[in-house]
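Number of protein chains: 2
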Amino acid sequence: MNDSEQSPQISEEGEVGFVEYQDYVSRKPFHFESGGSIPELSLRYETYGRLNVAKDNAILICHALTGDHHCAGVHNVDEKKLGWWNFMVGPGKPIDTSKYFVICSNVLGGCQGSTGPGSINPETGKRYNLDFPKLTLRDMVKAQVLLLDYLGIDCLHAVLGGSMGGMQTLQWAIECPDRVGRYIALACCARHNAQAIAFNDTGRQAIISDPAWEQGDYEPDEPPAEGLSVARMMAHITYLSDAGMEAKFGRRRRVVDESKEHFDVEFEVESYLRYQGQSFVSRFDANTYLYLTKALDRFDLHGPNSLDETLSVVTSPGLVVGFTSDWLYPPQGNREVVESLLRLGKDATYAELALDAGHDSFLLRDKKLYELIDRFLNR
Amino acid sequence: MNDSEQSPQISEEGEVGFVEYQDYVSRKPFHFESGGSIPELSLRYETYGRLNVAKDNAILICHALTGDHHCAGVHNVDEKKLGWWNFMVGPGKPIDTSKYFVICSNVLGGCQGSTGPGSINPETGKRYNLDFPKLTLRDMVKAQVLLLDYLGIDCLHAVLGGSMGGMQTLQWAIECPDRVGRYIALACCARHNAQAIAFNDTGRQAIISDPAWEQGDYEPDEPPAEGLSVARMMAHITYLSDAGMEAKFGRRRRVVDESKEHFDVEFEVESYLRYQGQSFVSRFDANTYLYLTKALDRFDLHGPNSLDETLSVVTSPGLVVGFTSDWLYPPQGNREVVESLLRLGKDATYAELALDAGHDSFLLRDKKLYELIDRFLNR
Numbered sequence: 010m011n012d013s014e015q016s017p018q019i020s021e022e023g024e025v026g027f028v029e030y031q032d033y034v035s036r037k038p039f040h041f042e043s044g045g046s047i048p049e050l051s052l053r054y055e056t057y058g059r060l061n062v063a064k065d066n067a068i069l070i071c072h073a074l075t076g077d078h079h080c081a082g083v084h085n086v087d088e089k090k091l092g093w094w095n096f097m098v099g100p101g102k103p104i105d106t107s108k109y110f111v112i113c114s115n116v117l118g119g120c121q122g123s124t125g126p127g128s129i130n131p132e133t134g135k136r137y138n139l140d141f142p143k144l145t146l147r148d149m150v151k152a153q154v155l156l157l158d159y160l161g162i163d164c165l166h167a168v169l170g171g172s173m174g175g176m177q178t179l180q181w182a183i184e185c186p187d188r189v190g191r192y193i194a195l196a197c198c199a200r201h202n203a204q205a206i207a208f209n210d211t212g213r214q215a216i217i218s219d220p221a222w223e224q225g226d227y228e229p230d231e232p233p234a235e236g237l238s239v240a241r242m243m244a245h246i247t248y249l250s251d252a253g254m255e256a257k258f259g260r261r262r263r264v265v266d267e268s269k270e271h272f273d274v275e276f277e278v279e280s281y282l283r284y285q286g287q288s289f290v291s292r293f294d295a296n297t298y299l300y301l302t303k304a305l306d307r308f309d310l311h312g313p314n315s316l317d318e319t320l321s322v323v324t325s326p327g328l329v330v331g332f333t334s335d336w337l338y339p340p341q342g343n344r345e346v347v348e349s350l351l352r353l354g355k356d357a358t359y360a361e362l363a364l365d366a367g368h369d370s371f372l373l374r375d376k377k378l379y380e381l382i383d384r385f386l387n388r
Numbered sequence: 010m011n012d013s014e015q016s017p018q019i020s021e022e023g024e025v026g027f028v029e030y031q032d033y034v035s036r037k038p039f040h041f042e043s044g045g046s047i048p049e050l051s052l053r054y055e056t057y058g059r060l061n062v063a064k065d066n067a068i069l070i071c072h073a074l075t076g077d078h079h080c081a082g083v084h085n086v087d088e089k090k091l092g093w094w095n096f097m098v099g100p101g102k103p104i105d106t107s108k109y110f111v112i113c114s115n116v117l118g119g120c121q122g123s124t125g126p127g128s129i130n131p132e133t134g135k136r137y138n139l140d141f142p143k144l145t146l147r148d149m150v151k152a153q154v155l156l157l158d159y160l161g162i163d164c165l166h167a168v169l170g171g172s173m174g175g176m177q178t179l180q181w182a183i184e185c186p187d188r189v190g191r192y193i194a195l196a197c198c199a200r201h202n203a204q205a206i207a208f209n210d211t212g213r214q215a216i217i218s219d220p221a222w223e224q225g226d227y228e229p230d231e232p233p234a235e236g237l238s239v240a241r242m243m244a245h246i247t248y249l250s251d252a253g254m255e256a257k258f259g260r261r262r263r264v265v266d267e268s269k270e271h272f273d274v275e276f277e278v279e280s281y282l283r284y285q286g287q288s289f290v291s292r293f294d295a296n297t298y299l300y301l302t303k304a305l306d307r308f309d310l311h312g313p314n315s316l317d318e319t320l321s322v323v324t325s326p327g328l329v330v331g332f333t334s335d336w337l338y339p340p341q342g343n344r345e346v347v348e349s350l351l352r353l354g355k356d357a358t359y360a361e362l363a364l365d366a367g368h369d370s371f372l373l374r375d376k377k378l379y380e381l382i383d384r385f386l387n388r
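So the protein sequences, as listed, match chains D and P.
Residue numbers are given in the numbering used here: position 158 of the first sequence equals residue 167, and the series is strictly consecutive.
Residue numbers are given in the numbering used here: position 144 of the second sequence equals residue 153, and the series is strictly consecutive.
Any given hint might turn out to be false.
Identical copies carry no separate label here, and so any pair may be met within one copy or between two of them.
With a cut-off of at most 30 Å between alpha-carbon atoms, the simulated DSSO-like pairs for lysine-lysine come out as follows [stated by the list, open to error]:
no.: 1; residue 1: K135; residue 2: K269
no.: 2; residue 1: K143; residue 2: K269
no.: 3; residue 1: K269; residue 2: K151
no.: 4; residue 1: K143; residue 2: K257
no.: 5; residue 1: K89; residue 2: K376
no.: 6; residue 1: K37; residue 2: K269
no.: 7; residue 1: K102; residue 2: K257
no.: 8; residue 1: K376; residue 2: K355
no.: 9; residue 1: K102; residue 2: K89
Hints listed in this document are in silico derivations from the structure and should not be mistaken for laboratory results.
Given the sequences, and given the hints that come with them, work out the whole structure.
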């Protein structure tokens, strides 16, 4: 539902081109906020541009729930899938790789190369599955800090991201004020409201109630595909908007077997969503989906005492961007972060863009969004 | 999520009291809009109040997707469940049973006593399941017409209902202009938008992908419970509103096993929704859910040519009521019906109520809603 699906031509002009991921491995135990630990961890990441001598031109991009480390360029001539934020990242683009050294890592707990529930526990030789410790967004940030230490970067020029990436961004500004030059959080919130928790739990129930889930101990080639697919279909609706879906699909129909009820695809929107659900199963792990949605539901900057108290430690300047058609993380939830920061006398600002792509608006190729990010990164 | 769950005291004052359902049976074949047919049909219904000698004081109430014929009173002292619109229907209430003879029938295709996919096909001795003909809202109205004929009612004082009941109400005004004295359609629309279809299809996929569905040929005591429960959880969210859920549940937590991830209930809203899902399975048939949601998705007053052309045959005065917090059938979809009627020079009016219960607002005990219905029924 974003322009990146329209596969623009890959040109050298403005493109980062071919990229390769790397794996950072820490052989030391990693302790989670929940008290659990794992004996070692690995983070898969990509970088674009060059780190300067002063090591002060690094930008960390935090990805959303089902995103990954591949946010720009292509991996090779056979696998031309553009990174998920390719429009935003490249030479001459808002996140200008001719000036900045851009880092994007798959989160701790992820399933795209970083250590997560589907990884092998070196102590048992088996997958963690539900033995993976309870995960929070602070754990994700703490793991990214290890990566920055490894890269020798004391202070980031900026941290930014949308959705779960926006929430990690806020967490960065809170946890490591000295290491964040500035931050931009898009389409985010200080905490999930009841509706967001409700959608996530319904998705989790779809997975857990799939017999193939096997209490989390499914084989990777026999995942709870039906449950995960339904969870994704539902979640995908929440990433879009009423108006956006109406413009893209409306009530357009496919050819249908008229003889009797089969409940096959009848409307285009059904075909699109079913495809989204099915293709998600091939690229995402069900237990990881459970863990990450739980981390999101538990994220709460209003705790333990108040939003103001949590944000009081922030020292970096920040920009928060809400989108009018985003009903998953509505503008109000973005605004309240900046209202708190301003109440605290912090250097913070808020923008609200009227784009009709819903929550996914932060992924759009939009001039106003580009200008906002460009100007704030370079002010 | 509506006041009726708070079980007010049953008193004779203002209450219809004990009620019994009846079954209307037609032994003639019933032909569906789709071309299919069934050899006979049964409609379960309740009535409250007394039909006058002129037989001109009857009001037909049409129920919503998962509603039924039991809209007021109680069945007996042991089963004190109040009808779903008990606040609205009774002596002295907006739908005043001391003046009107009120009829509410379970729809054709339903699973609460009327003939539907779960009924036995007398020609085969087996349940119809997916051999039940494709169903439309016109079929439901056509079956209700048979019931009115049987009751000897030529012209209804009024037809009304909310959600799917509102759409049936509009269909009544179109199909039988001479038999509808006036009509009130609440929280409805002229057709589903892409988002509404998307949610319905995701629910259907949850059911269909449950192995227990067995291509529709499950035994009634071994239904696709997990899939139906997930479908209901998701649908239930769409019946509420962001603000309403936040006010009722917020992020309130239950006591949780902290030892490891179990994905048990952690937030109150999860407990509420899971209960809604599970209890739905005991009262609703999965195939019926598939058929009724399909009927809703296919309902389209804009077809075959235009909304204006479809509504041009309406002669009865009508009231349509939208609710500001209803994001399933948003106000715009209600307004456009009246805009068309007014464009056609019809006697029609629109009201929009600012209630925060989302789509389910039409079920609320609300003074403004009561007054609207009372005044329009009695003007």
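Hints, one by one, checked against the model:
1. K135 with K269: Answer is between; shortest inter-copy Cα gap is 17 Å, intra-copy 48 Å.
2. K143 with K269: Close across copies (6 Å), not inside one copy (48 Å); limit 30 Å.
3. K269 with K151: Answer is between: at 20 Å across copies they meet the 30 Å cutoff, but 56 Å inside does not.
4. K143 with K257: between (39 Å within a copy, 27 Å between copies)
5. K89 with K376: within (25 Å within a copy, 60 Å between copies)
6. K37 with K269: between (61 Å within a copy, 22 Å between copies)
7. K102 with K257: Intra 27 Å, inter 45 Å, cutoff 30 Å: intra-copy only.
8. K376 with K355: Answer is within: at 27 Å inside a copy they meet the 30 Å cutoff, but 46 Å across does not.
9. K102 with K89: Cα proximity of K102 and K89: one copy only (20 Å, versus 66 Å across).
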